[in-house]
Amino acid sequence: MLNTNKYRLSGVAIAVALSVTACGGSSGESNTAPVAQNVAVETTYSWKNNQGNFSVSDVDNDTLIITAISENGTAIQPSQGVYTLQNGLLSVQGTGFSFLPLKDGATNVNYTVSDGTATATASLSIAPAASDPLAYQQWHLNNTGQKAYSLNVDGIKAFLINDVGFTEAQADAWIAARVDPNILVAGQDMNVVRAFQQNVTGTGSIAVVVDSGMELAHEDLAGNVLPNRSLNMVPGALNVTDPTSTSLYGDHGTSVAGLIAAEGWNGMGGRGVAPHAKLIGMNYLNAQSDLNGALSHGIPGSGITESEPLTVFNRSYGISYPAVISYDLFEEAVQSYSAMALRSGLGAVNTKSSGNSFLSPGNNSWAGGICNPARALGLTCLNGNFEPSQNTPFYFSIAAVNSNGKHTSYSTAGANVLFSAPAGEYGDLAPAMVTTDQMTCLRGYSSFPSVDAGGWPEYDAAFTPFNYPGHPENPSCNYTSTFNGTSSAAPNAAGVIALVHSANPSLSYREIKDILVRTSTKVDPQNAAVVLPVGDGEFTAHPGWVENAAGYSHNNLYGFGRVNAGDAVALARIYSNPLPMQVFSDWTGVGSQAGEAPLTATVADNNADGAVQTIEIADEITVEGVQFAFDVANAELRSDSFPSQTTAGIDLAIEVTSPSGTTSVLLSSKQAIADPSFDFATGYNEGYILKDSVFLSNAFYGESAKGTWTIRVVDTNGSDYPVTNSIWPLGYVNNVQDTVLEGVAIRVFGH
Amino acid sequence: MKYKVSILATTLCLVMNTACAQDLKSELQQNTQSRVMEKPSMAVDANQAGKYGMYQLQPDLIAVPQSLADRSNSRKDIGNMTLVSRAANTDVDKMMEFRRNSVVRNNMTGEMGVVTGNISVLAKPGTSINNLLQQFDLKIVRSASSTGVYIVQPVNDAELVTLLEQIKASGMVSTARLDIMETKYTNQ
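So the protein lines, in turn, are chains A and B.
All residue numbers for the first sequence refer to UniProt numbering, where the first residue is 1 and numbers rise by one.
All residue numbers for the second sequence refer to UniProt numbering, where the first residue is 1 and numbers rise by one.
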């Protein structure tokens, strides 16, 4: 914990100035002026409230009021008792004050006290706050419109002229065409300062970084690393409790860890969202197996006990593939252990990156321009629900937003997205994250090897100067300014969860979710719908924000919005109405999903009517989430189709409507489905777009599940999609056969 | 104009796997010839033996501990194992079985993997895992019994796909699969 603030009166008390004799009314009593003494505050912490008292007295025991604050000789006008100073906010109540340092630097003001008749003036000197030198660039914590070392426009312009051969006009035009003039918007952050103001900094929370590694000895992480608790999961590792990566080009997990819990107020680097949370690292990505996957969820043998305050596992990884992977019961069971057994049954949260495939089908370049139809309409290319770990009841899928609060260029969308968090763009022409990097300039994103590997040092020096060895604010290359992706959004949300848990350790993982649903910020409120003409009708492929019957707004790009640490912590502190026990309905379905003969519901090509199926849910459940399982067939979709593939998968759209009338789009069409559904253990489901494929929707949170659910399956297109630059397939040819809905089922979880 | 096209840079972009900013650099390098990879599953003979789900046995390779590997003969490291070619006189047709340390290729990712020898089991609710262990001569490696999750291993070396099918047919499990160490997930 932080030390309590220390104050001292100046060595020589200065009894001030004005001693007046008041006109004391009929009694003729005289008034003695109040006395004010200089006050010096020696120890403060940035972004935290620092309480103190003005040193004032009055021999007459008159009521004293602070009537004026001036800085550099200029009177500051208060707003609701708050004076905005050069380096922070000074709140005055009676003769007490609270100072919130927002910038690093000393503060010197004069204050004036009045007894109603006479006044006295003295100084208030506040020493520079204990801080972290890079925190002022961490826009995700406190967005002041800073660039976070991106937008080095002068340097880029010089590079374009000197190294690329542009004229000055060409350079200006090139930059202007690629820089969003509205990308820097003050206030678009996670409201972390407000959480710190409530003295909540993550104390008592533990976060597990399940990733490529974690540099235990990093100067800005070491103080928060729980000793001997991390795991090097590579069998035969020399030091099994040290997952430090030996990569030359950056360790993803080290940067993730810094976003969650880089030490705060230690004079080094930046600051984590939860600077006093503790860290455990597991390099699962270097030794992926079911065994290690289960250990990374805290099962016995992992070193994690069921009783410790294990708050959150962060998982900034996933599968990006242009096909829908079938549901994974084993994965669901493993996830349920961390969610239901850990923390003495209150459960740990798993934050999961939603993916970076809004524009591309992952690394599967063979699929060519399969994303072009989605790109043209502003729809996501892959869908977060394609990946089975993201459609269980237990993971929190996190999308990424920019420094203007809007969707990033890459963040995968889906009805499964629960929340969003800042991550930014690439740190070149728009801000990314400032976070920890492998130490020294010999390893890391910020290092000589990375510059050498990039093959164009001048480019790196111009576009990402903070990462280029020798930057004055990054002399040892221990930090980076280019970390991004939903890889960054997930740990930022994990940090907020650590704060919420710290504020109220008795909350279950479901209650933490409930708090975040209630408090997250509705970013990009004007986010527009995307409506496709389909035959003679239309299909709303992206409805934008949808307010459900319980009053919660959900958007497939943003979930319930950007996590808001300040509001979430405030609610956590007073959260006194525990959620009832969680219940899961049985799967309720029809056709092949009910173990019966398959339906033969035809999904006519390019016809907005589609196939409509209703399912009755009899249980009185307040929804926390709804899963939908599908079998949808089209014999033309085969893994060995050559030289072209059918558009049947790309054309498929699904919307569901709840008994309360809320609609959620599970599949928008135009999304990249270039292969049949598959399961790693059983192979391709040839001829099936979806087979035992589950889609999670969070859009119905808080509604009643009871009643009729309506599922509409549509084929939205009747023409070919030419593609270029692919090996296979050479093109996407409109399906000749109609797609068939063979089965669908619903499972509701809630209370 | 000073630059060199770097394949390593492109590779880095794939392995670092934050969202990647190669577009600007490629544009300025006028490097429009982006490398297109082949769809991994197209390289698979549908009638080839040695299949398990999305995995294809690689009978000419075997995984051995790194400390024992002939580095001049190594193909790839996975965890602490190194994939090495079998001896030239090996009858690979006799190696078409899924056993511990067998090497497989994931036809979706194109990545190699190693059969760990473990079987991942989700027991049916109300089923005693001991019955399963006894019936198939298995031992528990790790478990989260409250959720029915068990990682088990045959006590004696066994052909694992055959054993797996027997376990699934027993009626005692909700699902079961071979545990394969591989690079299935990447940072995102």
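Hint data in this document are derived by calculation from the structure and do not stem from the laboratory.
Ideal Cβ placement from N, Cα and C applies to all residues, glycine included.
Do not rely on the hints blindly, as some may be mistaken.
A few chain A residues that face chain B, going by a derived Cβ cut-off under 10 Å, partial list only [claimed, not checked]: (1) 89; (2) 92; (3) 95; (4) 242; (5) 256; (6) 318; (7) 333; (8) 426; (9) 456; (10) 463; (11) 636; (12) 707; (13) 710; (14) 738.
Here's how the hints hold up against the structure:
Of the supplied interface hints, the one on residue 89/A is violated, with its beta-carbon coming no nearer than about 34 Å to a beta-carbon of chain B, more than 10 Å. Against a cut-off of 10 Å between C-beta atoms, the interface hint on residue 92/A is violated, since the closest Cβ of chain B lies about 45 Å away. About 51 Å separates the beta-carbon of residue 95/A from the nearest beta-carbon of chain B, more than 10 Å, and the hint is not met. At its closest, the beta carbon of residue 242/A sits 15 Å from a beta carbon of chain B; the interface hint therefore is violated under the 10 Å criterion.
For residue 256/A, the interface hint holds, the least distance from its beta-carbon to any beta-carbon of chain B being 9 Å, beneath 10 Å. Taking 10 Å as the C-beta contact cut-off toward chain B, the hint placing residue 318/A at the interface holds, the least distance being around 5 Å. Restraint check, residue 333/A versus chain B: the minimum CB separation of about 5 Å is within 10 Å; hint holds. A hinted interface residue such as residue 426/A counts as satisfied when its beta carbon comes closer than 10 Å to some beta carbon of chain B; here the least separation is about 3 Å, so the hint holds.
Contact between residue 456/A and chain B, as hinted, is supported at the beta carbon level, the nearest pair being about 4 Å apart and thus within 10 Å. A cut of 10 Å between beta carbons decides the hint on residue 463/A: the least distance to chain B is about 7 Å, and the hint holds. For residue 636/A, the interface hint is violated, since its Cβ never comes within 10 Å of a Cβ in chain B; the closest pair sits about 17 Å apart. For residue 707/A, the interface hint is violated, the least distance from its beta-carbon to any beta-carbon of chain B being 29 Å, above 10 Å.
The criterion of a C-beta within 10 Å of any C-beta in chain B is not met by residue 710/A, whose closest approach is roughly 30 Å, and the hint is violated. This hint is violated: residue 738/A has a C-beta 26 Å from the nearest C-beta of chain B, more than the 10 Å allowed.
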